[in-house]
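Student: Chains A and B, in that order, are what the protein sequence lines are. Each residue of the first sequence is one higher than the one before, starting from 1 at the first, in the numbering used here. Each residue of the second sequence is one higher than the one before, starting from 1 at the first, in the numbering used here.
Hints are computed from structural coordinates only; laboratory data are not their basis. It cannot be assumed that every hint is accurate.
Stated by the list, open to error - Pulled a few chain B residues facing chain A out of the computed Cβ check, cut under 8 Å:
| no. | residue |
| --- | --- |
| 1 | Leu46 |
| 2 | Gln106 |
| 3 | Arg113 |
Unchecked claim - Below 35 Å or equal to it, Euclidean Cα-Cα: the simulated DSBU-like pairs (lysine-lysine) are:
| no. | chain 1 | residue 1 | chain 2 | residue 2 |
| --- | --- | --- | --- | --- |
| 4 | A | Lys103 | B | Lys14 |
| 5 | A | Lys49 | A | Lys113 |
| 6 | A | Lys49 | B | Lys64 |
| 7 | B | Lys55 | A | Lys113 |
| 8 | A | Lys103 | A | Lys68 |
| 9 | B | Lys14 | B | Lys66 |
| 10 | A | Lys49 | B | Lys20 |
| 11 | A | Lys49 | B | Lys41 |
| 12 | A | Lys49 | B | Lys55 |
| 13 | B | Lys20 | B | Lys64 |
| 14 | B | Lys41 | A | Lys68 |
| 15 | B | Lys64 | A | Lys61 |
| 16 | A | Lys103 | B | Lys55 |
| 17 | B | Lys20 | A | Lys103 |
| 18 | B | Lys41 | A | Lys103 |
| 19 | A | Lys61 | B | Lys55 |
| 20 | B | Lys64 | A | Lys103 |
Remember, predicted model here, so these are calculated numbers, not experimental data. Heads up, the beta-carbon is just placed ideally off N, CA and C, and yes, glycines get one too.
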Amino acid sequence: AQSVTQPDIHITVSEGASLELRCNYSYGATPYLFWYVQSPGQGLQLLLKYFSGDTLVQGIKGFEAEFKRSQSSFNLRKPSVHWSDAAEYFCAVGAGLTGGGNKLTFGTGTQLKVEL
Amino acid sequence: GAVVSQHPSWVICKSGTSVKIECRSLDFQATTMFWYRQFPKQSLMLMATSNEGSKATYEQGVEKDKFLINHASLTLSTLTVTSAHPEDSSFYICSAKDARLSYNEQFFGPGTRLTVL
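Let the sequences and hints guide you as you build the complete structure.
Tutor: This is how it looks when you write it as structure tokens:
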């Protein structure tokens, strides 16, 4: 069974500081990994995704993530956080190809607070 | 591209009534749509997978007769919460998979906030 662990429920950083949100996954085959952001009362916005190729993935809003197969991790990073980045962040894993099934499994989320 | 809409964005209803939520893929065809439920400050929990022209597949613990799903066209899936009760109050989010894509990526709608009084 596939699963995602986001160890940090809450993280607080100062504006301008760097950020790293952790994500560990469990998946039996080639995973398809995602990071989403959700503002209060809103739907999910895709930040970035990884399926294959370069293990360092660039996303929107200055975010990047690195896939490390040996550590089963897909941590999200940003060099300098802005106050508008305060939101809930979800990591998700799914099958890479359609034949592997369609389900996405989400982590429990990390709430990011940004101190001005 | 890849826009998914939901209607309504929020709804308040009385206990015992039924509520229908629509999920539409606006610029692509979706053979598969998904319905999620999210309680406050919690993650998304998959309720069911909806395939166009066939019965939905429900996750364990989700009542099929309470959460009726219909996927009658390649761009529309509906979720009907029947005989709603206060414990059904939640944020419901749908997503859709583009039929043209060979890999799995879901595009999410903005969500529907249901409050049952």
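Student: Tell me the hint numbers this structure goes against, listed in increasing order.
Tutor: 7, 15 and 19
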